[in-house]
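*Asks:* Listed here are the chains, written in short residue letters.
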Amino acid sequence: MADSQLPLWEVFTQPGHGEPHEHAGSVHAADAEQAMQNARDVYARRGEAVSLWVVPSDAIVASAPGDAGPFFDPGNDKAYRHPQFYKVPRGVRVF
Amino acid sequence: MTAPSVAGKREEVIANPLFEYLLRLGDDRLVLGHRMSEWCGHGPILEEDIAMANIALDLVGQGSSLLKLAGETEGAGRDEDALAYFRSEPEFRNAQLLELPKGDFAFTMVRQFLFDAFSVLQWDALATCSFAPLAGIAAKALKEDRYHLRHSSDWMLRMGDGTEESHARAQKALNRLWRFTGELFESDAVDAAVHAQGIVVDLAAIQSRWQQTVGDVVGRATLTVPPAGATSSGGRRGRHTESLGHMLAEMQIVARSHPGAKW
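So the sequences go chain by chain: A and B. Each number in the numbering used here corresponds to the 1-based position in the first sequence with 830 added. Each number in the numbering used here corresponds to the 1-based position in the second sequence with 8 added.
With the rest of the complex left out, here is chain A (with noise of 0.2 Å):
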């Protein structure tokens, strides 16, 4: 069904400083400032997070679930793709 209400923004939060900006969720607004008003009062109003990033939902270039076999099977039967694979030699420190 088509969304009749104002455009999407995508809503990331840092919950810390030094820490990641991680997708929290979405909101309607009319524009930027709006989207990040609404934010705030959606996501970010009881001490979650210390910065916000909105980003219109058409800016995001997402991969198709079709894409998901070539883009995310592992390459398991390429066993030296993994650090495993790798034995340590005696004498070298393992941290």
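Derived by calculation from the structure, the hints in this document are not laboratory data. Glycine included, every Cβ here is placed at the ideal spot set by N, Cα and C. Treat the hints with care, as some may be off.
Claimed, not checked - Cross-link-like lysine to aspartate or glutamate pairs, in silico, DMTMM-like; alpha carbons within 20 Å at most:
hint	chain 1	residue 1	chain 2	residue 2
1	B	Lys180	B	Asp162
2	B	Lys76	B	Glu152
3	B	Lys110	B	Asp89
4	B	Lys151	A	Glu878
5	B	Lys151	A	Asp907
6	B	Lys180	B	Asp224
7	B	Lys180	B	Asp112
8	B	Lys270	B	Asp87
9	B	Lys148	A	Glu878
Unchecked claim - Label pairs and their calculated CB-CB ranges:
hint	chain 1	residue 1	chain 2	residue 2	range
10	A	His853	B	Arg245	50 to 56 Å
11	B	Glu194	A	Ala862	36 to 42 Å
12	A	Val891	B	Asp224	53 to 59 Å
13	A	His853	B	Ser138	44 to 50 Å
As the list claims (entries may be wrong) - Covered stretches of chain B (in silico footprint by chain A; criterion: 3 or more residues with CB under 8 Å from a CB of chain A, positions within the stretch not fixed):
hint	region
14	155-164
15	255-268
Position chain B against the provided structure of chain A, taking the given hints into account.
*Replies:* Positioned in the frame of chain A, the structure of chain B alone reads:
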């Protein structure tokens, strides 16, 4: 000419001006907060509904802190709930502006803007007053009200400079509300008495800065500041419009039906 003995200006001795002053501050926020809370579940879109409920909660919270402090100042054993739920209409000290029914969205938001622009200036002055408990409440409330002002200013611009319909509704609300704004800047013996106690709020300076802010936002919203005219006031002395009684009946019924109930 002698002053009429009835309905004239009363020069009564104020027993506890600080208590009176805190009631005025607290009742402004409690009454406006309740009016804003009436939008809960009825907002134009979900996000705005949440925003309005947040603003209402901030205001009721401020009112609660102020009435608690008022009760302690009075020293008669009344807490914030007793003051909010067990006073009748003539005992309320809010400005009439804040008790008017919520009207349409434009009316609510224009009123909120007119009060927010005043409130941030009032808190700014009170944050440095010498009565520490009040200065503390003011510092916290100032942050909240700065956000409220940002929100309501944004709606002023959006409605005024929006569609023909939104512009007309915002202008109509501004015209209707204008005569109630003067009361915010009135001062009397209570203000003078708390001034002597170190609570210094220069209402004339606040009024001139308020006019600047309001003039600027109203202008950018392509709306027109209404001409100066008669002022409606009396709330500070317990004289209210017919709306407050109806509002209090709804606000107080649960507490009065079940006194002392805990939840």
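*Asks:* The structure should be examined with respect to each hint, and the outcome stated for every one.
*Replies:* Comparing the hints with the structure gives:
Distance check on the hinted pair: B:Lys180 and B:Asp162 sit about 18 Å apart at the alpha-carbon level, within 20 Å; holds. Restraint check for B:Lys76 and B:Glu152: the C-alpha separation of about 19 Å stays at or below 20 Å, so the hint holds. For the hint linking B:Lys110 to B:Asp89, the alpha-carbon distance of about 23 Å lies beyond 20 Å, and the restraint is violated. Proposed proximity of B:Lys151 and A:Glu878 is supported: the alpha carbons are some 17 Å apart, at most 20 Å.
A distance of roughly 58 Å separates the Cα atoms of B:Lys151 and A:Asp907; the hinted pair therefore is violated under the 20 Å criterion. Distance hint between B:Lys180 and B:Asp224 is fulfilled; the C-alpha atoms sit about 18 Å from each other, no more than 20 Å. Proximity of B:Lys180 to B:Asp112 is assessed by CA-CA distance (about 11 Å); at most 20 Å being required, the pair is judged to hold. Between B:Lys270 and B:Asp87 the alpha-carbon distance is near 14 Å, which keeps this suggested pair within the 20 Å criterion.
Distance check on the hinted pair: B:Lys148 and A:Glu878 sit about 18 Å apart at the alpha-carbon level, within 20 Å; holds. Checked against the hint of 50 to 56 Å, the pair A:His853 and B:Arg245 passes, with Cβ atoms roughly 54 Å apart. In this structure, B:Glu194 and A:Ala862 meet the distance hint of 36 to 42 Å, their C-beta atoms being roughly 40 Å apart. Checked against the given bound of 53 to 59 Å, the beta carbons of A:Val891 and B:Asp224, roughly 40 Å apart, lie outside it.
The hinted window of 44 to 50 Å between A:His853 and B:Ser138 holds, with their beta carbons roughly 48 Å apart. Beta-carbon proximity to chain A at under 8 Å applies to 4 residues in the region 155-164 of chain B; the threshold of 3 is reached and the given coverage holds. Given a C-beta distance limit of less than 8 Å, the hint that chain A covers the region 255-268 of chain B is violated, as 0 residues qualify and 3 are needed.
Hint compliance for this structure: hints 3, 5, 12 and 15 are broken, all remaining hints hold.
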